[in-house]
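Peer 1: Residue strings, one per chain:
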Amino acid sequence: MPVRSDDDIARTRAFWASSKPSDAIAPAFVPDPPTWWHVGVALLAALVLQSTFAPALAFRGATVSFVTLLVVWYGLRTGWAYGLLFGTIAGSCDDALAGSTGVAWTFATALCGAIAGCAARTQLAETRWTLVGGVAALTLLRYGAFAIGMQMQNRPLALPETHLHAALWQSVLHAVVAVVVLRFGPEIGGRFAYRR
Amino acid sequence: MIVAALIALVQLDAAKSGKPSIIAVAVASTAYAFQTAAAAVSAAARNTGAAVVSTPRLFSENAALREKLQTLRGENARLNEALSRAPEARAIARAEAAAPGGVTATTIGYDPEDVSRQITLDRGSRDGIAAGDGVTNADGVVGRVTAVTPLESTVLLVTDGASKVPAVVQRGRWWGIATGTNGSIRLEYVSQDAKLRVGDVVVTGSGRSFRAGLPLGTIARVDHPEGSLYQSALVAPAVSFGRIARVVVAPRALRDAPSVEP
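So the protein lines, in turn, are chains A and B.
For the first sequence, position 20 matches number 20 in this note's numbering, and the numbering has no gaps at all.
For the second sequence, position 48 matches number 244 in this note's numbering, and the numbering has no gaps at all.
Simulated from the structure, these hints should not be mistaken for lab results.
This one's a predicted model, so the numbers in the text were calculated from it and none came from an experiment.
It is possible that part of the hints are untrue.
Claimed, not checked - Per label pair, the in silico range of CB-to-CB distance:
{"#": "1", "chain 1": "A", "residue 1": "GLY61", "chain 2": "B", "residue 2": "ILE373", "range": "17 to 27 Å"}
{"#": "2", "chain 1": "A", "residue 1": "GLN153", "chain 2": "B", "residue 2": "GLU271", "range": "53 to 63 Å"}
{"#": "3", "chain 1": "A", "residue 1": "ARG60", "chain 2": "B", "residue 2": "PRO283", "range": "24 to 34 Å"}
To be verified - One side of the interface only, derived from the structure: several residues of chain A facing chain B at Cβ under 8 Å:
{"#": "4", "residue": "GLN50"}
{"#": "5", "residue": "PRO55"}
{"#": "6", "residue": "PHE59"}
{"#": "7", "residue": "ASP94"}
Ideal placement from N, C-alpha and C gives every residue a C-beta, glycine not left out.
Construct all of the structure, not just a fragment, from the sequences and the given hints.
Peer 2: As structure tokens, this is what we get:
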């Protein structure tokens, strides 16, 4: 992550704060990206939590994927390249723990991180409701990309209607989590530099 | 003289009537009070003295008893733990007896994204486990090993949609394929002339991963689709998949052994 001077950061913050939500103007860079080791620890915690308690966390056949939420958040806070890189790492960890998914999660999560990163310096990343919708859409996209990845490896998902049901419920759960984080985020550490 | 004469008369009168005189009652009552008080004081003094004398011994006895209590508490905790583990140990012993030479393993994780019904075991290829090995516990069939690393292995549960196991209805020896429904098991491709009943026991047929005769579950509902060549049935799994702690992985040699299934 390139190191920015304090002046650069202050200038970008002022520029961004002065623009309106309808302006299609993006800042030159994200002023306060998360540090890599914070994200690494969060990814580790998410993986341990999910692989240990996944069935207990299930709701109507769907489980909150903290890995997905983390990748989307990191992509939004950094950019497409870092989103892609982090998505690839997180997805490969998912594949390693799942055992028989090949590279499907790697492919799907990398795509998810890259697309989230594309919105990093746009107005899409600013407004709460577009963020919530974006998280839900990215969840569906990731699940869909995973299904395509499995199909490409000649391991098609059995019971596709069950998986569609789970994907829809997961996107709803993620949207709820996003609403909670965006509402209470500043108090629990999820600072959004551009939040108005 | 007059008082002495009165006392004597009262006593004589009481003696004649055979009852205790009023003087005797008064004296005895007064004496009782004093005697009781004196006895209490005496006993208290005796006890205090004894206590003072025996204080060092009591201290040492108390310390010894505390130590003994601590030991007994520890032993009690150990016995309680052993008692609580006994059913599980018996279950594992039964499963091991059903699959002699099997590798006992503990569940350490699940699919992180919960997309498939699978568990991760703490034993891998280093312990002789290979892909395709059947996994059971005391209640019946758990699943099949799908991926192995040196230290751990992934097991696809029989309830997963991708799982397919050859199965037999025990009562009539009717064959079918047990497929997962992501929650229970569906017995499919059973011939229409089979007389399936709710409560029939379904066991494994001879296959690549399991020897014949291992319990899969019991039929909970029978479906006869109109115009279909086959009938199907919903099977309640024999294994409680909500709490699989210890399982036995049947090694390759065991599953290649001659089967008793016709």
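Peer 1: Indicate, hint by hint, whether the structure satisfies it.
Peer 2: Hint-by-hint comparison with the structure:
In this structure the supplied range 17 to 27 Å holds for GLY61(A) paired with ILE373(B), their Cβ-Cβ distance being about 23 Å. Remark: the range hint 53 to 63 Å for GLN153(A) to GLU271(B) is upheld by a beta-carbon distance near 56 Å. In this structure, ARG60(A) and PRO283(B) meet the distance hint of 24 to 34 Å, their C-beta atoms being roughly 33 Å apart. The interface hint given for GLN50(A) is met, as the beta carbon of that residue sits about 4 Å from the closest beta carbon of chain B, less than 8 Å.
A hinted interface residue such as PRO55(A) counts as satisfied when its beta carbon comes closer than 8 Å to some beta carbon of chain B; here the least separation is about 6 Å, so the hint holds. For PHE59(A), the interface hint is violated, the least distance from its beta-carbon to any beta-carbon of chain B being 10 Å, above 8 Å. Here the hint on ASP94(A) is kept, as its CB sits about 6 Å from the closest CB of chain B, short of 8 Å.
Of the numbered hints listed earlier, the single one contradicted by the structure is hint 6.
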